[in-house]
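Number of protein chains: 2
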Amino acid sequence: MVKESSGKEKKITFNIKKEENFSEWFSEIIKKAELADIRYNVKGFVVFMPWAVRCMEKVYDLLEEELQSTGHEPAWFPSVIPERNFKLEGEHIKGFSPQVFWVTHGADTKLDERMALRPTSETAMYQMYALWIQGYTDLPFKMYQRAQVWRYETKATRPFIRSREFYWIEGHDCFATEEEAEKQVLEDIRVTEKVMHKKLGVPFLALRRPEWDKFPGAVYTIGSDSLMPDGKVIQQPSTHFLGQGFAKVFNIKFTDKDGKERYVWQTCYGPAVSRILASVISIHGDDNGLVLPYNVAPIQVLIVPIYTTKNKKGIMKKAEKIKKDLIEKDIRVKIDDSEKRPGEKFFFWEMKGVPFRIEIGEKEVKTGKLTLFLRDVKKRATIHEKKIAEEIKKEGEAFDERLRKKADIWFKTRIIDCKSKEELERALQGKKIARCDFCSISKEGEKCAEVVEKQLLASVRGVRHDKFEKASGKCIFCGRPAKHVVYIAKSY
Amino acid sequence: MVKESSGKEKKITFNIKKEENFSEWFSEIIKKAELADIRYNVKGFVVFMPWAVRCMEKVYDLLEEELQSTGHEPAWFPSVIPERNFKLEGEHIKGFSPQVFWVTHGADTKLDERMALRPTSETAMYQMYALWIQGYTDLPFKMYQRAQVWRYETKATRPFIRSREFYWIEGHDCFATEEEAEKQVLEDIRVTEKVMHKKLGVPFLALRRPEWDKFPGAVYTIGSDSLMPDGKVIQQPSTHFLGQGFAKVFNIKFTDKDGKERYVWQTCYGPAVSRILASVISIHGDDNGLVLPYNVAPIQVLIVPIYTTKNKKGIMKKAEKIKKDLIEKDIRVKIDDSEKRPGEKFFFWEMKGVPFRIEIGEKEVKTGKLTLFLRDVKKRATIHEKKIAEEIKKEGEAFDERLRKKADIWFKTRIIDCKSKEELERALQGKKIARCDFCSISKEGEKCAEVVEKQLLASVRGVRHDKFEKASGKCIFCGRPAKHVVYIAKSY
Chain A
0 MVKESSGKEK KITFNIKKEE NFSEWFSEII KKAELADIRY NVKGFVVFMP
50 WAVRCMEKVY DLLEEELQST GHEPAWFPSV IPERNFKLEG EHIKGFSPQV
100 FWVTHGADTK LDERMALRPT SETAMYQMYA LWIQGYTDLP FKMYQRAQVW
150 RYETKATRPF IRSREFYWIE GHDCFATEEE AEKQVLEDIR VTEKVMHKKL
200 GVPFLALRRP EWDKFPGAVY TIGSDSLMPD GKVIQQPSTH FLGQGFAKVF
250 NIKFTDKDGK ERYVWQTCYG PAVSRILASV ISIHGDDNGL VLPYNVAPIQ
300 VLIVPIYTTK NKKGIMKKAE KIKKDLIEKD IRVKIDDSEK RPGEKFFFWE
350 MKGVPFRIEI GEKEVKTGKL TLFLRDVKKR ATIHEKKIAE EIKKEGEAFD
400 ERLRKKADIW FKTRIIDCKS KEELERALQG KKIARCDFCS ISKEGEKCAE
450 VVEKQLLASV RGVRHDKFEK ASGKCIFCGR PAKHVVYIAK SY
Chain B
0 MVKESSGKEK KITFNIKKEE NFSEWFSEII KKAELADIRY NVKGFVVFMP
50 WAVRCMEKVY DLLEEELQST GHEPAWFPSV IPERNFKLEG EHIKGFSPQV
100 FWVTHGADTK LDERMALRPT SETAMYQMYA LWIQGYTDLP FKMYQRAQVW
150 RYETKATRPF IRSREFYWIE GHDCFATEEE AEKQVLEDIR VTEKVMHKKL
200 GVPFLALRRP EWDKFPGAVY TIGSDSLMPD GKVIQQPSTH FLGQGFAKVF
250 NIKFTDKDGK ERYVWQTCYG PAVSRILASV ISIHGDDNGL VLPYNVAPIQ
300 VLIVPIYTTK NKKGIMKKAE KIKKDLIEKD IRVKIDDSEK RPGEKFFFWE
350 MKGVPFRIEI GEKEVKTGKL TLFLRDVKKR ATIHEKKIAE EIKKEGEAFD
400 ERLRKKADIW FKTRIIDCKS KEELERALQG KKIARCDFCS ISKEGEKCAE
450 VVEKQLLASV RGVRHDKFEK ASGKCIFCGR PAKHVVYIAK SY
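Line by line, the protein sequences give chains A and B.
The numbering of the first sequence is numbering that gives the first Met the number 0, which starts it at 0 and goes up by one.
The numbering of the second sequence is numbering that gives the first Met the number 0, which starts it at 0 and goes up by one.
By construction, these hints were calculated from the structure, which means they are not laboratory data.
Be aware that a few hints might be false.
The list treats identical chains as one, so a pair stands whether inside a single copy or across any two.
Straight line, CA to CA, 25 Å or less: simulated DMTMM-like cross-link-like pairs of lysine to aspartate or glutamate [as the list claims (entries may be wrong)]:
#1 K311 with E358
#2 K93 with D107
#3 K418 with E63
#4 K466 with D286
#5 K473 with D36
#6 K392 with D324
#7 K393 with E23
#8 K362 with E390
#9 K328 with E65
#10 K344 with D137
#11 K193 with E56
#12 K411 with E468
#13 K489 with E72
Starting from the given sequences, assemble the full structure and let the hints guide the process.
This is the structure we're talking about:
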């Protein structure tokens, strides 16, 4: 953004290969494409820069559209939670206490009660739900907020992947029955599927987490694991079936049709837009820089006019005309008429991940036939000026479908069955997700999970929630009969 | 939102008159229309509820559209500012220290350095600007963020008007010359004019604040004062010319065309969406509830089908058809087919401020002629089903223009010239803004301003920035020759 016309960025070299050194590639792209600046002087906090913010605003739009169309209403809750709320739910406080930033003073005055900067908002929201929900006609009650949360992370932080302040949506729903709440969990997974996979091309596994890895206070957690190019999985939107635990603690009751008071059944859902962007960057990007899905790209079409002083006027006129036609159809377009050479412009905007480029020169003005450069496959297509907006929209859909299909195939090849600890080790070394028979994801399996963590520096991610996979053999760790087919991977 | 179908809100009575008791009216409308819930258990923090959030999201959209179209890029800076940054600019720390919430601990660990929850972001952003701005081609540099800020307010808090956490946009711009920066101040005022006045119908005075009332660290401040029905002004978006004070402290320099290093000239601008909504609610609302401008209303058109069991199917089909036609043209529409009686529905949605209502019964299905109820004037207009979207859009524009004109006339009558302290006192008692001759808004006038504050419980708001008003007489307080024509009012 900022420097694009400064001339200082003329020599954008991008000589780190994603496949060879993903970690460096990721850092480099964040710097070069000006996505975030890690030089802010508080550990673990970064500045999200315009190009990334514009992408994340789009991700917000996509998520909010889905949430609203499934009956969720938006609210904004306070960022601070009084300590007494925070302590109400035992498991929750145990899980989140090590991660809480505390606000203790207003100016020089010590506050009567210290306040947590919300690491998540159950304990802020549910006391209000208790006031709002009275009868069965108030249910289902579906609400979300777009918000940032703060966590005093002790793990290493990286922009977009893990930082001490991150941007997400949290949905918190209440139902009259257990069955409806469990259906909501499935609806949440469908929202993830629709937005993250269908629209942004990020494949994932919806995994029911083992007992020891669920959300603090939940009955069970379904995490969405997507994969990074270095073979580590990253948890994407997770959804939690909370049962009635929080309802009992926060006293969220309703009078049912039969006149009896009952506690509500709850779920919550937490897609982080900064993390989703991390996967989008990492999965689709290549050795020339970002490749942004048409759906989120801040600029979808870049127009580069190619002129001499003689024909400049006519060519710029044509470029402006095309820009206008595209804007009218809500296509995000920019003309780069800076003084850089065309080649430099191409290179710069390819690095920024703009899906399409149209070059307009003498020939294009005459024929009305335009060449569309496709960022992902680096090939050219011909489109016609007359129906340009329609054609771009079609190409946009095709673009995103190509990204998704490519990612799907890649993801599929990265999951392999392992019959022994040795195979598992090889799989992990080969940057893969291992699928294997495992004793159990309930408490009794925790010992084997510890082996995975300590010896293999990986973790048991859980069992498929979207389909039943039957275990037929023995746990590859303890040899007991396997109750579950689990996925094991290194993780962020 | 939540309770709309619960049946519990059946008896919405609204028997407080806005003109008679604005303060109670305001509290009542916030409760009845479910805009905010003040029962959150931290002093000065409220929950913003869906109906208000949807309005404020629209205000954000309107502001961001203007800011982007004037060359601003969006960013997200951390919410926390290390104490050392905060202390760099002397005036700034003096002004904001009494208002800062401090984060001191991460879990049980005392932080090496405590962090301010940003009350405003100069001291977060400008250290980054120093890294980003190098040469004259980097200028102008125009950036904004949508964000919430926190202030440990000691004044009484009220939802939307003043709370310890509020939602705003802050724009922070840098220029090569003083002249350009001062032009930006004017552009900021134009943005306020376009969004708050033109689109939302809230009139205001752009006033250059007296020396003693400017933003801490600014050379001068232009505040936008709009008026509440109780005769108190409320500060709306203010814009500040910062000169080079912050630039020198944060070392924001650029190499100019002549090869010399110079400090940038800065401005900042801060429209608070929660406050803007406070004015929208207060100015347009009436004794039946909210009246929302078409531009921000979460629902612009409410359709009420009126049917018997016999003709329900046909009427619902027509209602759905109209809804579809409107949605296609991006009009926000809802069918209320709940089990409430039509009269109840009318009453409820009038209270919520929905601009238009269409009732669809047997007759409407037959004739294709529809009756549009206009919330503001409580009159009916006829529209035709065939061109419904176009007609609604036209009516929407007319609706907002009516609101604006009405507010403008009201506002104009509320400003009166005063030639003496007695006239001034009467004006303030009469819920008016007084215009009078005043010695000076620079330091030498501070004594007279103290008289205003202590004796009249009002304040000197400043001089017009958009036009020059020549003082001809003597200061009505000290009798010295008046340098300025000032506006004096009670204020929030």
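Okay, the hints, checked on the actual structure:
When the C-alpha separation of K311 and E358 is checked against a cutoff of 25 Å, the pair qualifies only within one copy, where the shortest distance is 13 Å, while the shortest distance between copies is 57 Å. For the homomeric pair K93 and D107, the shortest alpha-carbon distance between copies (13 Å) is at most 25 Å, but the shortest distance inside one copy (30 Å) is not. When the C-alpha separation of K418 and E63 is checked against a cutoff of 25 Å, the pair qualifies neither within a copy, at 42 Å, nor between copies, at 56 Å. Taking the shortest Cα distances, K466 and D286 never come within 25 Å of each other, neither inside one copy (36 Å) nor across copies (57 Å).
In this homomeric assembly, K473 and D36 never come within 25 Å of each other (Cα to Cα): the closest approach is 48 Å inside a single copy and 55 Å across copies. In this assembly of identical chains, the alpha carbons of K392 and D324 lie at most 25 Å apart whether taken from the same copy (12 Å) or from different copies (23 Å). For the identical chains of this complex, K393 and E23 are neighbours neither inside a copy (35 Å) nor across copies (55 Å), given an alpha-carbon limit of 25 Å. Taking the shortest Cα distances, K362 and E390 sit within 25 Å of each other inside one copy (20 Å), while across copies they are farther apart (44 Å).
Taking CA atoms no more than 25 Å apart as the test, K328 paired with E65 passes in both settings, with 22 Å inside one copy and 19 Å between copies. For a Cα distance limit of 25 Å, the shortest separation of K344 from D137 across copies, 17 Å, qualifies, whereas the shortest one inside one copy, 56 Å, does not. For the identical chains of this complex, K193 and E56 are neighbours both inside a copy (17 Å) and across copies (24 Å), given an alpha-carbon limit of 25 Å. Taking CA atoms no more than 25 Å apart as the test, K411 paired with E468 passes inside one copy only; the shortest distance there is 16 Å, against 73 Å between copies.
Proximity of K489 and E72 under a CA criterion of 25 Å is satisfied in neither setting, with 37 Å inside one chain copy and 37 Å between copies.
The earlier numbered hints that this structure contradicts are 3, 4, 5, 7 and 13.
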